[in-house]
Structures are given as C-alpha cells and as structure tokens.
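Residue numbers (this note's numbering), protein chains in the order written: chain A, 1 to 151; chain B, 1 to 151; chain C, 1 to 151; chain D, 1 to 151.
Just so you know, these hints were derived from the structure itself, not from any lab.
Don't take each hint at face value.
Pairs involving identical chains hold if they fit within one copy or between any two copies, as the list cannot separate such chains.
Okay, derived cross-link-like pairs now, DSBU-like style, lysine-lysine, Cα gap no bigger than 30 Å in a straight line [claimed, not checked]:
#1 K126 to K146
#2 K110 to K131
#3 K131 to K146
#4 K146 to K34
4 protein chains.
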Amino acid sequence: MTRFSTPNPDFAARVRDSFARQRFMTMLGAELGKVRAGHCEIALAYRPDLSQQHGYFHGGVIGTLADNAGGYAAFTLAPADTSILTVEYKLNIVAPGDGTRLIARGQVAKLGRTLVVARVDVVVEKDGHEKPCAIALTTLMLMAGKSDGPA
Amino acid sequence: MTRFSTPNPDFAARVRDSFARQRFMTMLGAELGKVRAGHCEIALAYRPDLSQQHGYFHGGVIGTLADNAGGYAAFTLAPADTSILTVEYKLNIVAPGDGTRLIARGQVAKLGRTLVVARVDVVVEKDGHEKPCAIALTTLMLMAGKSDGPA
Amino acid sequence: MTRFSTPNPDFAARVRDSFARQRFMTMLGAELGKVRAGHCEIALAYRPDLSQQHGYFHGGVIGTLADNAGGYAAFTLAPADTSILTVEYKLNIVAPGDGTRLIARGQVAKLGRTLVVARVDVVVEKDGHEKPCAIALTTLMLMAGKSDGPA
Amino acid sequence: MTRFSTPNPDFAARVRDSFARQRFMTMLGAELGKVRAGHCEIALAYRPDLSQQHGYFHGGVIGTLADNAGGYAAFTLAPADTSILTVEYKLNIVAPGDGTRLIARGQVAKLGRTLVVARVDVVVEKDGHEKPCAIALTTLMLMAGKSDGPA
Chain A
1 MTRFSTPNPD FAARVRDSFA RQRFMTMLGA ELGKVRAGHC EIALAYRPDL
51 SQQHGYFHGG VIGTLADNAG GYAAFTLAPA DTSILTVEYK LNIVAPGDGT
101 RLIARGQVAK LGRTLVVARV DVVVEKDGHE KPCAIALTTL MLMAGKSDGP
151 A
Chain B
1 MTRFSTPNPD FAARVRDSFA RQRFMTMLGA ELGKVRAGHC EIALAYRPDL
51 SQQHGYFHGG VIGTLADNAG GYAAFTLAPA DTSILTVEYK LNIVAPGDGT
101 RLIARGQVAK LGRTLVVARV DVVVEKDGHE KPCAIALTTL MLMAGKSDGP
151 A
Chain C
1 MTRFSTPNPD FAARVRDSFA RQRFMTMLGA ELGKVRAGHC EIALAYRPDL
51 SQQHGYFHGG VIGTLADNAG GYAAFTLAPA DTSILTVEYK LNIVAPGDGT
101 RLIARGQVAK LGRTLVVARV DVVVEKDGHE KPCAIALTTL MLMAGKSDGP
151 A
Chain D
1 MTRFSTPNPD FAARVRDSFA RQRFMTMLGA ELGKVRAGHC EIALAYRPDL
51 SQQHGYFHGG VIGTLADNAG GYAAFTLAPA DTSILTVEYK LNIVAPGDGT
101 RLIARGQVAK LGRTLVVARV DVVVEKDGHE KPCAIALTTL MLMAGKSDGP
151 A
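Let the hints inform the model, and build the full structure from the sequences given.
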C-alpha cells in the first residue's frame, strides 16, 4: 500500500467537518471510521428503509458509501484551500448487501496534480464476519481555491 | 434508439410492484416515471436531507437513481420468472446536482442471453430547464428462476 | 445528438495530422473516417494478426479503436494550443468481433472546461451488415499549452 | 491478497497455450510472465510502432495488456471445459507510457459462479525502475462448455 504525505496537517479534522455537513450521510446514519493520509473508512448500520426488494442493503447505499469513501480518501491529500469533486466511478457489486453493517474503505492509488484515483472496497458484516460486497475504482478532481462549503 | 420486444406483457406492472418494494426508493421520495420496453425513468424532488456539503443533490443520490433506472430498464425485458441483478456500473458526474428535481432515464443498449447493458442519462431540473448531470453505463444480469422478492 | 461549436476551425486537419503521427494506428491499418465537431470515426479491416484465440478481432483492438475515437472526438473541440489526454474509459464488449471490418464512432456527450466525456459505439461489419460490438464511456482531459507532438 | 484454489491443475499450460494462439499478442511482441492461480502477468518491450503521437506506448497497447492480464488471471481459475469472455473493463491511465517495457499484472478479486472480477496494475519500466501507468477493474464471464479455440 502506497504511503502518502499530505500538505494539510489538519486533514482529519477537515474531513470530519465536511462529512458532518453532508446531510445525506446523517440521513443514512453513516459514520466516519479511520481517516489517515490517503485513506478513509465509512460505515453504516442496516435499517429496513435502506433496503432493496429482497430486504438487503440497496445498491444505491453501497454506491453512495463507495463514492464517499473514495472522495474523502482523496480529500485527505488536498491542500487546505482545495476541495474535491467526483469525476466518475465504476462499481462492481460482487455479492448482495446481506448483513447488519456496511463498511467502505477508500485508498488513494494515484495522486496527480489535478486528478486523484482511488480504489474502494466495500464489505458487509454478518454474524461477526466481513464479506466482500463491492469494489470500486474512482476518479476525483482537486479544485484549487474552491470552498468545500455552500457557495 | 433500438426498439425491444419483451417476453413479459405485464412488464410495467411488474416494474411498479418491484419498485414499490424498494424501501430505499420510498425513503428518498423517488417516483417511477415512464416505463416502456427497454426504458425506465425515475425522478425525485430535492430535499435538504439528500444533499452534500455544498447543498446540492448528493452524488450518492445521483448514482442510486442511475443504477435503478438502468436496472428497471433491463427488468422490462426480463421473462416473468426472471429477476435482475446489477453486475456493475460506471457513472460520470458531469455537473453538480444543482436544482429542484433529478430525473434518471435508463435505456437498454444491448440485450444478451445472460447480460444486459444499459445507458442512463441523469438530468437536473432548475427554473424549468433540464441540464445534464450524469451519464452512466451499466451491466445487469438476468437471473432465471430467481424471485424478485425476499428469499 | 448535442451539436458543438469548436474554437478551432482547422480541427479536422489537426485530427488527421495527429492521427497520422500515431504509429500504432498505422501498424493496425486503422483509418480515420468522418471527423466533425464533437465526432470522430475510426475503422480498420480484419487481419489474422489482429485476432484473439477464436480468430475474431482481439478485444485489445476493439478497445484501442474505442479509446482513440473518443479521444479524437474530444480533440475536435479543443483550442489550437490544447492537446488531449485519456483519463479513463470503460468498455463493454457486447458481442465478439466477428467480421471483416471494425468501426468505432466517438461522440462528445459533455464538454467541460477541463474534462470531456465521450460515448463510443463500436460495430463490426459482416456480410454487409453492421452489428454492435462494444460500447464505451470515456473521460478525456484538455491540456492547455501542451503540444500534441513529441516533447 | 486473496488466495485461490483452481479446479484445473493444468491451468498454467492452458493459459500458455491460449496465449500462444492470440495472434495479436505475437504481433505486439507480448510475453507471458508469472502465471499462478488467480494471477497473470504479461509484458512487452517498447517498439516505435506501438507508440502514440508523443512517442510513448499507445493507450490502446496499455489497455490491451490490462484486458488480457485480467482475462488470463480469471482463466487460471476456470474448469478445464470452460473458457473466458471479457464482459467489460474500466481503465484509468495514471501516467504516460514513457519507458522501455510495459508490464500488466492481473489479480482475481472475486470469483463467482458465472462472473469473475479482476484488478490489474500496469507499470512502465524506465531506467530500471517501475512506475505506475494504469489501473483497471475488469469483469469476466465463465463460459462452461465453450471451447477456447476457433469454432
């Protein structure tokens, strides 16, 4: 796993502050886990209103967590005046979201001057075990001088 | 636009029934729009609890709608005993979700024996105009003999 | 289909010049077809040395054509001092490359300030008919001030 | 790294045999490297006729190697009567292919009953050092009863 140094020593506080302002995260009951330079973990507990027609975690919830874990992994490496934008992501759902807890772990794979590529693994916890649920590859863009808050 | 014939004349009722059982759709306030053979539209109105840190529609909401519109577009072409699984999707977010309403339109591009490929366009409505917001390309799998309901 | 205006009236000559300098295109026997603002077509004839183990066009040849058709579609919309870089692409191979000629048609779907998104359809000709072979969605980057030639 | 057991003890010979029948690989001068259960490496040396307009490895060559390394990684885990098909792949080009040798390493991330997901890292060698060049995420399909040779 590549190690990264970050230009912003306060990156973890900045990620937590930004995450707290994402009202959709609050609504889903998502929580930030480990936040390190180049890495971010997000988890959420199962609730019936997050389910698809078979009663499992909805694919949209899985994708949301993956997108966000990749985005915040990139955000940890951004200068203090720079915000992050999702350019695109690709997500393979490799098993149904059948469990009590979903955890997405984003890891920066390549830090460029303008673009960042991150890999994300999403697992689902059931009976105390983690099982792979989804794998994503995402592209983020560093937006220098753009605030992370509302315009 | 390719036209498709479907082996299930009741496809629209089947899509509406399945959609109604996706509790996450209800929670988001999403509504089915046009449902035709090979095509499905899903929309939802803006609410602050669906937002990211700038106050726009969260990328996860955009991705959820895209994934589902592609999935139900494929579902319209499935035999009555066959359910649909998202294998993977790729989503480009081409503009912020800045508006009052999000609409995802899924269209089957290729129907195979086991796999279906669909394109999805997501637009955001603002001041009465539609603006492109995201573009997706998704792969779905036909699961013969698998029920669309809980196990 | 969205219509685009281009800041470079000589875009077609510029695309042809750049294409002619891609030695891999020459080696594959690829030829530029229609070049319009936001659109580019590339084709090549079957040769046994472009095949995979079943004797069809190799997936790598299909991907190469798709990548290039998307890239040159974007290039038609670039200012005269700007070159183009493939950021990423996603390609669905929807049928084997079984035929005598492969044609890739790239079309810009979204032109941003820094990034361009293009869709590409690849068809294979057999017995005078075109059959869908692959579908791609690609992200390109506009590199202002970067030459399109060797450093 | 997940370890896999394969149902075909002769997987390495089978991969080498299939690879040798891909005429496009011969034409590119590509060579198989390590072949283990769930893993496959393919490399090729620089030649001017594999280049794009800046003289670097063409993106199509990078994509071809990535697609093939993922496909053969999956093939190592296939039963002896089963062949492999690329469903789709997504490739991020993270740096120009500026070097003397390109190496793609495919690793199966998830083996399902019908579908296999593989990650691929492509590096470029220059002055004795490896530098990341591309990252891919690919979906393959196991085709039971389908020969790996010409119909």
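Going through the hints against the structure:
1. K126 to K146: between (40 Å within a copy, 23 Å between copies)
2. K110 to K131: both (26 Å within a copy, 11 Å between copies)
3. K131 to K146: between (38 Å within a copy, 22 Å between copies)
4. K146 to K34: within (25 Å within a copy, 38 Å between copies)
Against the hints set out earlier in the document, no violation occurs for any number.
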